[in-house]
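Chemist: Listed here are the chains, written in short residue letters.
There are 2 protein chains.
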Amino acid sequence: MIILGIDPGSRKTGFGCIEKSGKSLKLLGQGVIQLNAKNSMDQRLLELSMGLEKLIKEYGPSILAIEKAFVKNNIQSALRLGETRGAIMVSGARHSLSVVEYSPAEVKKSVAGNGRADKEQLAKMVRLLCGARDLEFETLDASDAISIAVCHALSSGRSPLSAPRRGGKLSRALGLS
Amino acid sequence: MIILGIDPGSRKTGFGCIEKSGKSLKLLGQGVIQLNAKNSMDQRLLELSMGLEKLIKEYGPSILAIEKAFVKNNIQSALRLGETRGAIMVSGARHSLSVVEYSPAEVKKSVAGNGRADKEQLAKMVRLLCGARDLEFETLDASDAISIAVCHALSSGRSPLSAPRRGGKLSRALGLS
Numbered sequence: 019m020i021i022l023g024i025d026p027g028s029r030k031t032g033f034g035c036i037e038k039s040g041k042s043l044k045l046l047g048q049g050v051i052q053l054n055a056k057n058s059m060d061q062r063l064l065e066l067s068m069g070l071e072k073l074i075k076e077y078g079p080s081i082l083a084i085e086k087a088f089v090k091n092n093i094q095s096a097l098r099l100g101e102t103r104g105a106i107m108v109s110g111a112r113h114s115l116s117v118v119e120y121s122p123a124e125v126k127k128s129v130a131g132n133g134r135a136d137k138e139q140l141a142k143m144v145r146l147l148c149g150a151r152d153l154e155f156e157t158l159d160a161s162d163a164i165s166i167a168v169c170h171a172l173s174s175g176r177s178p179l180s181a182p183r184r185g186g187k188l189s190r191a192l193g194l195s
Numbered sequence: 019m020i021i022l023g024i025d026p027g028s029r030k031t032g033f034g035c036i037e038k039s040g041k042s043l044k045l046l047g048q049g050v051i052q053l054n055a056k057n058s059m060d061q062r063l064l065e066l067s068m069g070l071e072k073l074i075k076e077y078g079p080s081i082l083a084i085e086k087a088f089v090k091n092n093i094q095s096a097l098r099l100g101e102t103r104g105a106i107m108v109s110g111a112r113h114s115l116s117v118v119e120y121s122p123a124e125v126k127k128s129v130a131g132n133g134r135a136d137k138e139q140l141a142k143m144v145r146l147l148c149g150a151r152d153l154e155f156e157t158l159d160a161s162d163a164i165s166i167a168v169c170h171a172l173s174s175g176r177s178p179l180s181a182p183r184r185g186g187k188l189s190r191a192l193g194l195s
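Residue numbers (my numbering), protein chains in the order written: chain B, 19 to 195; chain G, 19 to 195.
By construction, these hints were calculated from the structure, which means they are not laboratory data. Glycine residues also receive a C-beta, built at the ideal position from the N, C-alpha and C atoms. You may find that some hints are simply not true.
Said to hold, decoys possible - To spell it out: a stretch of chain G is covered by chain B in this simulated footprint if at least three of its residues, at any positions, have a beta carbon under 8 Å from a beta carbon of chain B; those stretches are:
1) 79-93
2) 108-121
3) 157-165
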């Protein structure tokens, strides 16, 4: 199963693509789709949609895992984030990917065993789960996107740490929570 | 110039397509793209995107005129409306349409000469401008979408009532404002 994780943003959208085979996870690629802030919103969404298509063709994912929207008190930001999410979801659906959503707390709980885990704890677990201790994250957006993809891998069927509870135990054993 | 006006909604998206040639406006089609509320959001956005593509192929517009988002105090509604708008904008941009936006007040001012015109005043002016006194609007969403398309026709270049101010005079002369 190949999972494309997406951290949506109207200027920078992070991506991380992982492959789950049996019990192992492998990072296939990561990065950021950078949008030209000088362009009109429809042109930015077109760039985003074409960037995603390229990734879908390159990695052949069957799942698009996207961060659930979280906006506090700002209607304009919510509208803008919604527009970005709409373009991403429709790109996934057009290519017959299953689109799934996870909140930041769900990602933290599933990956690090603790809904309030910090970036560092999350990063350690992602490295451990992907079997790449020296894995460098290209940007914060990419690292968030990889975590979302890993969250889906852990949440679906058998996985190295299939249920968040087991992840919790392991992360506690590792002193991460 | 063929203009596809869109009134976005996550359950029902209204459309109205008009042709402007010289000084005359003609309504080519109107209706609603109804989305299945039981489907997941990504599937709804896919239905919407495919519905729009069908309209673009049928009418061959060069402009997609969309209502500017207006949401008061509800973050979830803003996100949802944003998602719908994102899917619409990216559909337009994919087919090389120019995407333009007008607020409800801009539409009312441009079409009826008064930013606070009511539905009835707007409907009268749309009928008059399209030269179709017996024009029936299929639904409220479709009528809003036609008004947005007419607004763009009036706002771009020479038109029957090229500037909002002139529209204002005419609508006043007709007792509409």
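Chemist: Could you work out which earlier hints the structure fails to respect and list their numbers in ascending sequence?
Modeler: The structure conflicts with hint 3 only, although it agrees with all the remaining ones.
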